[in-house]
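Engineer: From first to last, the protein sequence lines stand for chains H and R.
Numbering of the first sequence is given in our numbering, commencing with residue 940 and proceeding in unit increments.
Numbering of the second sequence is given in our numbering, commencing with residue 198 and proceeding in unit increments.
If you are wondering where the hints come from, they were derived from the structure by calculation, not from laboratory data.
Honestly, I wouldn't trust all of these hints.
The list that follows gives simulated cross-link-like pairs (lysine-lysine, DSSO-like), each with its CA atoms no further than 27 Å apart [as the list claims (entries may be wrong)]: (1) Lys403/R / Lys360/R; (2) Lys1248/H / Lys381/R; (3) Lys1164/H / Lys1174/H; (4) Lys310/R / Lys377/R; (5) Lys322/R / Lys1163/H; (6) Lys1324/H / Lys341/R; (7) Lys1248/H / Lys310/R; (8) Lys245/R / Lys1163/H; (9) Lys354/R / Lys292/R; (10) Lys245/R / Lys1298/H; (11) Lys245/R / Lys322/R; (12) Lys310/R / Lys1164/H.
Read off the chains here:
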Amino acid sequence: MGPRFAPMSEPQSKGPALVALIGSLLGLVFSYSSTVDYAAHLDRRLHDVHCSFIPGAPPTSEAEACRAAMYSPYSAIMRDTLWGGIPISVFALGAFAFFAGFSIYLLLAKEKASRANVMMFAAVSVTPLLVSIVMFTISVTKLGTLCKTCVGTYISSALLAAGGLMSLRTLNSSSDGAQRPSGQPMVAVFWLVALAVLTLLPTLVYAASAPDQRPYLGKCGELKKPEEPSGALVKFRGARAVQPALLFEDPLCPTCKALHERLIGEGVLDRLDVTLSLFPLDNTCNWMLSDQSLHPGACVVARAVICAKGQELQMLEWAFAEQTSLTAAGKSGEAVLKARIQQRWGKALVDCTDSRDAKATLNKHLHFAAENNVPVSTPQVFLGKQRLCDEDTDLGLRFTLKQLAPEVLQ
Amino acid sequence: MTESRTPKFGPVAVAVATGALLTVGILVRVHGAVADAKLRLITPDTNKPAIAVADQSEVAYCTPRFKEVLERVLHSCGLVSGEGGRRGCQPADVKTFASISDSDFNELFTPLKDRGAVIMYDEGKDDLDERAKKVLEDMWFERKGARYFFVVARASKTGTVDKNRALSHRRANSVMFHLKDVSKDPEIEKIVGLLWLGNEFAQLSKEYCGWNNSRQDTKCNDEAINRSAFVSWVDCRL
C-alpha cells in the first residue's frame, strides 16, 4: 500500500509541531490567567479579572463576560466540597504543559519520532478542543456571552488540535523517503499516563492549598425584623421547595440577573421558598440613593413585578431576560420604558405601575430593607435570618449551601 | 554504515525537561496564587470601602432639638413603648415632656411646611370632608423614607378648655381612623404619632393659613386655622 500523504519536506514536517507548540503555549498563558483570577478570589474579595484576546494582557474591571463565566456553575468542578471548586483552567494548565513538551519533542525528533508517539499525540491533542467546544456551547447557550480569555483558550486548543492532526501527514514518509520507526505502544501508553499525571498535579496542589472558608460563612449579618407585617413582599415557591430564602433584588441589576441564572443553573431556585424584597437602585423611589440612580427605570420595573399578580416570577425573569433593552429604555425616560413594558404585558399592567397601591407597596419593600439595615446593594440572599456574604452567592454558592442548607442541594 | 532510524534520547530529554520545567513553574505559581489569597483572607482588609446601610431618611431639619422633642413625643405618647399602652398625648403631657414654649414648639414644625398639610374642620366638628380626605391621603402616600407620621390636632378658642381638648382628640382620631382605612397597614399604630393640643398649647397664628391646607378656597383666620390637624411625615431617624 502506497503512502496516503504526499512526502513533506523537512521545514514542512516541522510545521505541525510548531503549530501545536504555539497552540500549547498560548493555551498555557490563557489558562494561567484564568486560574490566577480564580485563585485570587479565594480571599473573598472582589478583583479585576483578565479578559482579553491578547495573551498576558493585564486584568481589568471591565470584564463582565469573563466574570459571568467565572461565577457560572460551569467554570469549576467539585464546588460542593471545595469553596469555589477546582477551576477547569487548572486542568488545562497541566495538559497544555504536557502538549508543549511533546510538541518540542516532535519538533526536535522530526521524522525520528515514532509512529506510535505521533498517533498518540494526534489523538490526545484534540481533547482540549473537544472540551473547548463543550465550553463554547455552554457559553453561547447557557451564559449568552463569550469571555475573551476563554475564547483565547478555545483558539489555542484549535491550534493545538490542528498541529496534532497535521502531524498525521508526516507519518508515512519523510523528506528522504525513509520510514519512521513504528515505536513501542507501551511508550505511547506511558505518555498518556504522563499526560494524566501532569493534568492532575496542578489540581491537587490547588485543592491542597485552598483555604478553609467554613469559618467565614454566615458572618455577614442577620435580619433584625424578618417579617414584613403587611405582607407586601413578593412570594414565589419552587416546585420542590425545602428552604425559606429572602432575596433583595433589583430587576435592572446585572448581578441580580447573574445570581438568578446561577440559582437556576445549580438547580437551587426550585428548592427555595422565596420571599422577594424589591430594592431598585433608582432614586426616583429609593431615598437611600440620594446622588444618582444606578439603574434608571428600576422603580417602574419593580412596580411592574408587584403588579404582575400571580406572575411575579415570570415578570422578574422577563425583566432579567430583557435587561439590556429595559436599561436602555429606562435611560431614555419613563415613557419609553413603560411603552416597552406595555408591548409585552399590556396597558393594564402599566397603569397599575402608576397606581398609589403599587407605589405604596414598593415603598414598604424599601422600608423593610431600611428596618433591617441591610447593605445598600443588590443582590442579597438570606437563608432564614442569616445573610449570605456576597462571595458566598457567586463562587462559593454550592459550597455555602452544602454547609448551611444541605437539603437544598439534595 | 547506514544511519540508524532509532530516535535519540536528545529530543526526549529536552521535551521532558521542558515539560518538567513548565510543570514545576505551574505548580509553584498555582500554589503561590492560592497561598497569597489565603494570606489576604486571614489579613483584615484595611482598605475596604464602607458600605452604605439601608435606613430611613434623615434630612436637614432633623436638628438635635427637633429630634429631642419628637423622641419625647414618641416615648411619652405610646409609639415606641407599643403594646397595649395608651396612645397619643394631650396638652398637659406635651407641656410636661416637651419643656418648650408654644412658639418654639410651632417653630420646630416650620421646616415641614412643604412636607405636611393642615387638615381643616368645621366648627365643633371632627369629621373629614372629601377634600380633607384627599389631602390626607396625598400626604400619607408620599411617605418616601420617613419613619413616623405626626398628627397635631388643635381646636379654636371658641368653647371651654375641656370641650376643646376632647374635640381636638376626636380630630386626631378621625385622621387616624381614616389612615387605618386607606392604608390597611397593621403597623400603623407604631407609625402614627397623635398629639391633641386643644386650645391650650401652641395655637397657630394666621400665618399658617398660607400652608398647604384642605380648604384653600375658604376664608382662613386665627380661629379657622386652629380647627385643624397638622399632618406630616417626619424624615428623621429617631
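Engineer: Next, verify each hint and record whether it holds.
Structural biologist: Do the hints match the structure? See the list:
Annotation: proposed proximity of lysine 403/R to lysine 360/R holds, straight-line Cα distance about 22 Å (limit 27 Å). For the hint pairing lysine 1248/H with lysine 381/R, the CA-to-CA distance comes to about 18 Å; that is within 27 Å, so the pair holds. Only pairs whose Cα atoms come within 27 Å are accepted, and lysine 1164/H paired with lysine 1174/H is accepted, the gap being roughly 17 Å. Between the alpha carbons of lysine 310/R and lysine 377/R the distance comes to roughly 24 Å, so the proposed pair stays at or under 27 Å and holds.
Note on lysine 322/R and lysine 1163/H: the hinted pairing is violated, with a Cα-Cα distance of about 43 Å set against a maximum of 27 Å. In summary, the hint linking lysine 1324/H to lysine 341/R is supported, as the alpha carbons are separated by about 26 Å, within the 27 Å threshold. A distance of roughly 38 Å separates the Cα atoms of lysine 1248/H and lysine 310/R; the hinted pair therefore is violated under the 27 Å criterion. This hinted pair checks out: lysine 245/R and lysine 1163/H have alpha carbons roughly 24 Å apart, not beyond 27 Å.
Pair hint lysine 354/R plus lysine 292/R holds up; C-alpha atoms about 18 Å apart against a cutoff of 27 Å. Using a Cα cut-off of 27 Å, the hinted pair lysine 245/R and lysine 1298/H is violated, with the two alpha carbons roughly 35 Å apart. Distance hint between lysine 245/R and lysine 322/R is unfulfilled; the C-alpha atoms sit about 60 Å from each other, more than 27 Å. About 33 Å separates the Cα atoms of lysine 310/R and lysine 1164/H, which puts this hinted pair outside 27 Å; it is violated.
The structure fails hints 5, 7, 10, 11 and 12 (numbered hints given earlier, in ascending order).
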